[in-house]
Each structure stands twice: as structure tokens, then as C-alpha cells.
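Work out the full structure: start from the sequences and follow the hints.
Top to bottom, those sequences are chains A and B.
This note's numbering numbers the first residue of the first sequence as 1 and each following residue consecutively.
This note's numbering numbers the first residue of the second sequence as 1 and each following residue consecutively.
It is possible that part of the hints are untrue.
What follows is a list of derived Cβ distance ranges for each label pair [as the list claims (entries may be wrong)]:
hint	chain 1	residue 1	chain 2	residue 2	range
1	B	27	A	105	35 to 45 Å
2	A	81	B	352	38 to 48 Å
3	B	147	A	114	26 to 36 Å
4	A	145	B	205	47 to 57 Å
5	B	352	A	215	17 to 27 Å
6	B	87	A	7	53 to 63 Å
Hints are computed from structural coordinates only; laboratory data are not their basis.
Note that the Cβ used here is the ideal one computed from N, Cα and C, for glycine as well.
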Amino acid sequence: MAPGGHLGLWHSLRRLLSVIIKEYKHIWFDPGFLFLTLFSPAVLLTLLSYVFSFDVEYATLAVINRDQSPQSFDYLRALTADGDITLTNPVANYDEAIKLFKAGDVDAVLVIPPGFGDHLEGREEAPVNLVVDGTDPTTAVSVMSSVEGRTQAFSQNTVGVTAAPFEVRNRIWFNPNLRSQHSMVPGLMALVLILPSMAAALGVTREKEVGTYETMVTTPIRGHEYLIGKLIVYLSLGLVSTLLALAVAVYWFRVPFRGGLGVYMLLTADYLFALMGYCLLLANFISSQRATTSLVLLTLFIPSFFLTGLTFPIDKSSTGSWLTAQALPTTHFITISRAVMLKALGVADLLPDVTILGVGGALSLVVSILLFSKKLR
Amino acid sequence: MIHRLAALIVKELIQFTRDRILLAMALMMPIIQIYLLGNAIGQDIQNISIAVIDYDHSSLSREIIQALDNTKELTVDYLPGNLAEARALVNAGEATGIVVIPPDFMEDTRSPTDVPQIQVILDGTNTFTAGRALRAAQGAVQSLVKDAQVSTSNGALPGIRVYAEALFNSTLNFQDDAITSQLALITFQITSIVAVMGIVRERDIGTIEMLTITPLKRLELIGGKAITPFIIGLVNFVLMFTITQVVFGVPQRGSFLLLLGLTALYLICEIGYALTISTITRSQQQAITVVFVWAMFAMMLSGYLVSVATLPPALQWISWLIPLRHYLGIVRGVMVRGAGIGSLLPEVGSILGLTVVMLYVAQRTLSRVIE
Numbered sequence: 001m002a003p004g005g006h007l008g009l010w011h012s013l014r015r016l017l018s019v020i021i022k023e024y025k026h027i028w029f030d031p032g033f034l035f036l037t038l039f040s041p042a043v044l045l046t047l048l049s050y051v052f053s054f055d056v057e058y059a060t061l062a063v064i065n066r067d068q069s070p071q072s073f074d075y076l077r078a079l080t081a082d083g084d085i086t087l088t089n090p091v092a093n094y095d096e097a098i099k100l101f102k103a104g105d106v107d108a109v110l111v112i113p114p115g116f117g118d119h120l121e122g123r124e125e126a127p128v129n130l131v132v133d134g135t136d137p138t139t140a141v142s143v144m145s146s147v148e149g150r151t152q153a154f155s156q157n158t159v160g161v162t163a164a165p166f167e168v169r170n171r172i173w174f175n176p177n178l179r180s181q182h183s184m185v186p187g188l189m190a191l192v193l194i195l196p197s198m199a200a201a202l203g204v205t206r207e208k209e210v211g212t213y214e215t216m217v218t219t220p221i222r223g224h225e226y227l228i229g230k231l232i233v234y235l236s237l238g239l240v241s242t243l244l245a246l247a248v249a250v251y252w253f254r255v256p257f258r259g260g261l262g263v264y265m266l267l268t269a270d271y272l273f274a275l276m277g278y279c280l281l282l283a284n285f286i287s288s289q290r291a292t293t294s295l296v297l298l299t300l301f302i303p304s305f306f307l308t309g310l311t312f313p314i315d316k317s318s319t320g321s322w323l324t325a326q327a328l329p330t331t332h333f334i335t336i337s338r339a340v341m342l343k344a345l346g347v348a349d350l351l352p353d354v355t356i357l358g359v360g361g362a363l364s365l366v367v368s369i370l371l372f373s374k375k376l377r
Numbered sequence: 001m002i003h004r005l006a007a008l009i010v011k012e013l014i015q016f017t018r019d020r021i022l023l024a025m026a027l028m029m030p031i032i033q034i035y036l037l038g039n040a041i042g043q044d045i046q047n048i049s050i051a052v053i054d055y056d057h058s059s060l061s062r063e064i065i066q067a068l069d070n071t072k073e074l075t076v077d078y079l080p081g082n083l084a085e086a087r088a089l090v091n092a093g094e095a096t097g098i099v100v101i102p103p104d105f106m107e108d109t110r111s112p113t114d115v116p117q118i119q120v121i122l123d124g125t126n127t128f129t130a131g132r133a134l135r136a137a138q139g140a141v142q143s144l145v146k147d148a149q150v151s152t153s154n155g156a157l158p159g160i161r162v163y164a165e166a167l168f169n170s171t172l173n174f175q176d177d178a179i180t181s182q183l184a185l186i187t188f189q190i191t192s193i194v195a196v197m198g199i200v201r202e203r204d205i206g207t208i209e210m211l212t213i214t215p216l217k218r219l220e221l222i223g224g225k226a227i228t229p230f231i232i233g234l235v236n237f238v239l240m241f242t243i244t245q246v247v248f249g250v251p252q253r254g255s256f257l258l259l260l261g262l263t264a265l266y267l268i269c270e271i272g273y274a275l276t277i278s279t280i281t282r283s284q285q286q287a288i289t290v291v292f293v294w295a296m297f298a299m300m301l302s303g304y305l306v307s308v309a310t311l312p313p314a315l316q317w318i319s320w321l322i323p324l325r326h327y328l329g330i331v332r333g334v335m336v337r338g339a340g341i342g343s344l345l346p347e348v349g350s351i352l353g354l355t356v357v358m359l360y361v362a363q364r365t366l367s368r369v370i371e
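Next comes the structure, spelled out in C-alpha cells:
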């Protein structure tokens, strides 16, 4: 133990400060590492946001028109009126259409059977057949909806509406046009912040690999000072990188930011604390940089795409996937980020998530300090 | 030459197996992942919680609640008394949607002039869930409307009706598509991560100088560096493939040997890219950052998430340079459509071409590093 309470604390703080200064310098003079800690979230956010734009805006249809009536041509004109659906040259038979289909030249094949015009004229049911490619369900579903929607509108205009006893009206809160980017960008914030946190772990394993770790052991620096120093450095840089990524989200992708920036940054610090706690804990067990990256990538980054409610909702009926989701810090921050940015909620509304992150971070930090001190002795 | 190459391969394998954690991870994580992801994506979106505010309390409103609850996608979990309560549920993330049935709803449906409205409100913060829930809710209510209309107009409704049919995957289930994509992506990632460290690590630690004074030729060095990621990639592929078959019952309509052979070819190509990155980067962190960005590009442009056909034409051209795009075509082709080598020639030719080019580039850049 350090002699004398005040003096001990003072020395401890000085050692902590020297770790912090050393680490800042280290990062500053390594351009690659500086990029990883400061700029990578903004760059990655830009890339990922384009990857995850699911709005399929344009679709190409091949049409087999066996009817050739004026009504069928009206119908096709109505389908393509707004330019989102384009038609290929008319196709004569099914085989030819399927060939286009397999080559990926068309998204769907529309078959208008003979008698279509007559049925429509006679106010009967006029069936058409739409064939989509099931190997890409996302596109298939969106092509189906856009054809069905336009068909319904055209159909109601021509034959009129049968008096309905009641109607459905819908409203979508927080994201009225269901723009997928408005929902994905706040969620992806959670994923891209994994990179600066990985840098924290690399900051430790790099020293082990290069050999400066042994030098560190011979200095009077204690384990907890070393780890807390690292945490302070990477957390502060992580917050700066958050601001850069937020700028991309708001000014480039035009995602609405309805909550408070202060609240957002506070909760981001909470999230980074949890992430970095976990990463520093990992760094205790590994001694190479490639093991660090692979571990962070495989245990945090990739699962976060699918198990956290980023795209598909968490399956609450399966205990396994519910527990996995709760254990991943990303799950909680995806909720927080969307809630603050889109719903303008505050800390009080998000207490469960905030608490889990804080407690998780504190626990992993304490465990890594305990493990670490042992090794130093 | 064989002798020198063998010596390097032995060194590489010893070095790799010495890092126990990395070894365990490289072999275990992909399996765990495909298992977890398969389970997560496997089920279609279902049981989305919604809240219904029933101001009417009539037999019709109960029928509507029943119809909503009967859909596969939705579960009516809450019956709040007013909008404020419902809004609190949505804010807390407990409910994804609210359906409002107005007062005197059933009475109004009987009146010849009024057309009462049911309001469906959804939380748009997750567009995936919101879109599904919206379709389901509209579908359920619409079919009730239709039933009522049919009973008054006796017979089929006039107008165009679209009968949709999905080829190759008639139920439009996401599972086969998602799992085959995942199989290709994880194979890509694990191979690239291991391969990209090959040269740069020697450089970082300083052992590259020692390698340069050995009689190793450049091509031999590349061959030796390629062998560990190749084995890791292939073993992982076989393990994950087994899981897709045994656990998830993904169809395997084509020949397994063909798939395995083409996977081996693809791995060589991908290792060529990773080793090139490895020779041009200065430190391991740089290599990691570059491979990360490379993986993102591959995910974006390969058709992993969004089909290549929907990309702008310029990007479609660029996507040709990404081996994962061709490999995804091969995996989906062989497994889902049962394609043979004949219909996969464009993909195989592209990968072959890219392999030759990348191995040449890797060898050239390496010579600059060594000299």
C-alpha cells in the first residue's frame, strides 16, 4: 500500500495522468490507430447505412400479355405511371420469361390471362398472375406489395368501390414514410462504436505483443491505474468519434435528431463504458492483436447484426435468443439510440437499459482490475 | 522448392496452433454463430405485440380483436383504455402498434352514410417490424371488410385480383436465403481475418527481415502464408455446411463435391485479396481497419443483403470485382436451385480471373516490401 492517504492518492493520480498522456501520444503518432479510434465509426456508419437501405425503389417486370385488350394496356400503363416499375420488352411465353428471370434481368413476371378485359368490363373478378423470385425474399415481398398496391388503386378507379362497411387508416409514428435509413442509422450507431472499443483492447494487447508491456510492469504503475488510464483515454476519444458519426447521421443521412444531445452523449458514455469494460476484460486473456480483433468481431460485432433487434425483432418466445440479446450491450444501445433520436425520450424512460449497461461495465472493469493486479505482482 | 515450402508451412502451422485462443475461436465461433444466427433469422417475424384500444365494446370490435390476434404476425397483448396509456406502452417498447376502434363503431357500420374508420398506428423506429405488422393488421381487417362486402354483393368481388407465386421458395421463407448467405459471409470473414495478418504481422514484429534472408522465393512465401487461412476456411465451411443441413434442414439440391471444389477455389481468390492488403499495410491495426472496410464493401455490393440487380449500374460493375458476389451466386445456386457447373460458368470464370490477377498483384507488392 502507498504510505500516507493524501500523498498516496496524489501519487496515484500522477501515475494515472502519465499513463493517460503516454497513451494519447501513442495514438496520436500512429495514423492507423488514430483512424480506428476517431474516424472509423463515421466511415463505417456511412458504408453500413448504404448496405442497410432496404427500400427497394425500382422493380423490373416482364409481362406476358395473353389478352391484348385495351383494358390490359391501361392496366400496364397504370402500373408504370410513377416510374418505379419498369417493363422489359413484351415476352411471348412463360419459358422465355423464366429465362430472363434466372439471369436476374427481371424481378418478377406478370401474366395477364386471356379474357382479362372482358372480366373487368363485366365487373367480374379478373385474376392476374405474378411470379417472383423466392431466392431473394426481401425483394420478392417488396415487389409484390408495390404491384398489389398499384393494382388495387387502378382496379378501384375502373370498377369503382363496393360500399365498404368500414375502413382502415394507418399512421406511423416517429418515421411516417417508413424510411429504412431513419430506423437503421440510429441502430447502426451502436455497431460502429464497437470499433473504438476494440481499439481499447488493442491498446493493451499491442503492448503485450510489441513487448512494452514488460517495461510497464517494471514501472511503479499499478494495475488499476493502468486500466483506468486506458479507459479514460479511449472513452474520451470514443465520445469524440460519436460526435463525428452523429454529424454523418444528421447532416448526410438527414436522420431526425429529436432528443437532447446532452442526454445522447451521456448515454453513449454509459454504452462505451460497458463495451470497453468488456473489451479490456477480453484483453486480459489474450496476447495477440489478431486474436483480439477476431474475438471482438465474432463475439460482439457480427452477432449484433442479427440478435439485437437491429433488423429482425428479438424473438421473445425463445429464452436462448432473449438471453443472448440481453447479454449483448449493443441491444440496449440500439434501443437507447432509437429512443433518443426518434422518440425524444430521456434517461428516466430508459432506466432498465441504462442500468444494465452501467452495471455490466462496472462489473467487467472490477473483474479485469482484480485479474490484472495479480499478473503484475 | 517443395522442401522450402514445406518448412514454411510447418512454421506457419506451429505458430498458428500456439495461439490457443485464436485457434479455438477460429474453429468454434463460426459454428456457434451460424447456429445462433440460423435460430434468430430462422423463424419468420411473428408475435409482434400490439395494443388495441376498444372504445366500442361491441361484438364486431371483439371480432376484429380476435382477427388481429389470429394472425401469425400479431399478438394482442394489451387492451389499454386510452391513447396516453397506449403511447406509454409504445415508448417503453412493449407494444409495436396500436389499433384504435372508435366509439359507436358497430352502429356506424350499419348506417348507409357513415364509413367508420379503424386506426392502425405503428412504431416506425424499426421499419422491418413496422412494415410486417402493418401488412398483417391491414390484411386481417381488410378480410373482414371483404367478407362483409361479399355477403352483401353475393359472389366474388369485381376488379383485378393479383395471385402471387414465388419460384424456388414458395413460402418466401427467409431462412434458406439467410443461412446460405451467412455461410458464405462467415467463410469469407474468418478466412480474410486470418489471411490478412500473414505478412503484416511478420513486419510488425520484425521477423520479416529474417524471412528475407532465407532462400524462400516470393511465390513460396505467399503459398506458405496462404495455407493456414485456407485450411481454417475450408474446415469452417465443412463444419458450418453440416450445421445448415443437420440443424436447419437447408436444401442441398446440387452436388456437394462441386460446392466444396468451388469453395476451395473461392478461398484461394479471397486469400489473394487479403494477402495483398497484408503486404501494403504497415501495421496490424491498419490491416484490420482495411479488412474491415473491405468486408463492409463486400457486404454492400455482393448481393448479401440487397440483390445486385437493385444497385445503380456503376456499382453493379464494381461489384464484379468482389469475389463474394460470385461465391454467393455459387452457394445459392448449388444449394437452393441445384445448379450444375454448366450454369455457374460466369461465376467460376470470374473467380478464376480474379484469382490469377490477385495472386500476381500480391506477389508484385510483396517484392516491394521485401526489397
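Could you tell me whether the CB distance from residue 87 of chain B to residue 7 of chain A stays inside 53 to 63 Å?
-> For residue 87 of chain B and residue 7 of chain A the Cβ distance comes to about 57 Å; the hint holds.
Given the hint of 35 to 45 Å, check if residue 27 of chain B and residue 105 of chain A actually sit that far apart at their C-beta atoms.
-> holds, 41 Å
Would you say the C-beta atoms of residue 145 of chain A and residue 205 of chain B sit inside 47 to 57 Å of each other?
-> holds, 55 Å
Range agreement (Cβ of residue 215 of chain A with Cβ of residue 352 of chain B, hint 17 to 27 Å) | Given a distance of about 50 Å, which is not inside 17 to 27 Å, the answer is violated.
Do the beta carbons of residue 147 of chain B and residue 114 of chain A sit within 26 to 36 Å of each other?
-> holds, 30 Å
Taking the beta carbons of residue 81 of chain A and residue 352 of chain B, is their distance inside 38 to 48 Å?
-> holds, 45 Å
Going down the numbered hints, you'll see the structure goes against just number 5.
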